[in-house]
Amino acid sequence: MIKIKKNNPWLIFIVVFGLLIFLHGVGVLRPIESFLLSLVKPSSGQFYSWGSNFSSRYQARKDQVGLAEQVDELTKEVARLTVDNSRLQRVEEENKKLRNQLNFSSVNNFKTVLATIIAKEAALQAGEQNRDVIIDKGENDGVEVGFGVVSDEGIIVGKVVETKSTTAKVCLTTRPDCQLAAALQNTNQTQGITDGDLGLTIKMEYIPQLEKISTGDIVITSGLGGNIPRGLVIGRVSAVYSESNEVWQNATLDPLVNFNNLTVVSVIIP
Amino acid sequence: MFKKIWQIIIFIIFISFLAVIQFSLISAAPGIFGQINLGLLVLIFTLFFFGFRASIFLVLLFGFWFDLMTFKFFGFYTISLFFSALLGYWILNNWLTNRSLYSFLALMFITTVFYNFFSALLFYFTAPERSFLLGSGDFWLGLGYQLIWNLLAAILLFNLATTLIKKLKPFFLEKNTVL
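From first to last, the protein sequence lines stand for chains X and R. If you read the first sequence in our numbering, its first letter stands for residue 2, the second for the next number, and so on. If you read the second sequence in our numbering, its first letter stands for residue 150, the second for the next number, and so on.
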């Protein structure tokens, strides 16, 4: 007969882990999990903020930036003006269209949920790039998969890809496979799809060859195929790749946000 | 009895604190600093100095917190840590002594490599996107950084432990000679 010791570590592990898996699967643990998460969320936010601060300083030092702060301020200023400009252009266009219909709709009047970033999550810890961020708002706050997430300047930084009752995972626009329906702010309103590139920049694909794109063009969300409204700035075109024998042309976009500095974001509830 | 309860409470608070630090602070840290793996480090330390039973409690607690806070399937971290502890225990039981710095370093090296390989494979077979992380340069770079951190921390922790724990103090076998 097999003797089982009372304090056998194997037995302890199998029983406790089995119970946890079972109770989690059934959903009995959900209130306890929510309680525990709400308990650590404030400190997580604070720790993340410290980590993010350290990351920004480290990056600034790495770039030998006495000028970094200045550049950062100017980037913010440019981002703000770009958003303003984009909004005004869009308002003007829409104004023209809607004037005839006398059906004015206020632009950028979104309902948003303010969220704090509490952590970054990579597929694996080993490997720096492609990190998603975890925010402290979830299903209980009305956050759903596919909702857009914007920075405090109003620039779209990503979209919600997974939710739990009190937290949600957001993919950043620079992460590969984080795709957004996009449009260029040119005369033709050229449409395409943006996708992250190596966790550093954004590429815009599926742009028809006949469309004219130039560096400096602003790319915004097109509002197609999802819960993300039209007109949110994604980035600025920094390079265009066009081959005459290809059906599509591509462009590389510079994100207008420093993702290392992100600590507070807003989720847009459509 | 009362002392034991206090010890358990302090253990739970300490491990929970470590889990939150790893989850929020280290995940946001840049470059090499983002590769510190506190859970694995403390796990190997516990296994080496306090035995398999204590390390199982650590696996359950740290794994639970991480499974709760992250978006991988529930059990991902507990399973990865458990198998790493299991391998560490087997190696320690069959091949290594628990009184030498070199043993501690070897154990740290093997379990760190195993943990990263195991979790990469587990991720590959369970994640819907199925990205094969072992083929990515970032994975190998991250593993290298993690090894550097863990081995440095192992040297530090071992020397700290030798000053605090009696059983690790060096001693000499003296032969009484009659003149």
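Since the hints were made in silico from the structure, they are not lab data. Be careful, since some hints might not be right.
Stated by the list, open to error - Quick look at which bits of chain R chain X covers, simulated, 3 or more residues with Cβ under 8 Å:
1) 198-207
2) 250-263
Said to hold, decoys possible - Straight line, CA to CA, 27 Å or less: simulated BS3-like cross-link-like pairs of lysine-lysine:
3) Lys63(X) <-> Lys77(X)
4) Lys204(X) <-> Lys170(X)
5) Lys63(X) <-> Lys112(X)
6) Lys213(X) <-> Lys165(X)
7) Lys63(X) <-> Lys204(X)
8) Lys152(R) <-> Lys42(X)
9) Lys221(R) <-> Lys165(X)
10) Lys170(X) <-> Lys221(R)
11) Lys77(X) <-> Lys204(X)
Backbone N, C-alpha and C fix where the C-beta goes; we use that ideal spot for every residue, glycine too.
For each hint, the structure was consulted:
Counting residues of the stretch 198-207 of chain R whose CB lies closer than 8 Å to any CB of chain X gives 4, so the stated coverage by that chain holds, three being the minimum. Counting residues of the stretch 250-263 of chain R whose C-beta sits closer than 8 Å to any C-beta of chain X gives 0, which falls short of three, so the coverage hint is violated. For the suggested pair Lys63(X) and Lys77(X), the alpha carbons sit about 20 Å apart, so the restraint of at most 27 Å is met. The straight-line distance between the Cα atoms of Lys204(X) and Lys170(X) is roughly 22 Å, inside the 27 Å bound, and the hint therefore holds.
Restraint check for Lys63(X) and Lys112(X): not satisfied, since their Cα atoms lie roughly 39 Å apart, outside the 27 Å limit. A distance of roughly 43 Å separates the Cα atoms of Lys213(X) and Lys165(X); the hinted pair therefore is violated under the 27 Å criterion. Using a Cα cut-off of 27 Å, the hinted pair Lys63(X) and Lys204(X) holds, with the two alpha carbons roughly 26 Å apart. A C-alpha spacing of about 30 Å is found between Lys152(R) and Lys42(X), which places the hinted pair above 27 Å, so the restraint is violated.
A hinted pair counts as satisfied when its Cα atoms are at most 27 Å apart, and Lys221(R) with Lys165(X) qualifies at roughly 11 Å. Proposed proximity of Lys170(X) and Lys221(R) is supported: the alpha carbons are some 11 Å apart, at most 27 Å. For the hint linking Lys77(X) to Lys204(X), the alpha-carbon distance of about 21 Å falls within 27 Å, and the restraint holds.
Hints 2, 5, 6 and 8 from the earlier list are contradicted by this structure; the remaining hints agree with it.
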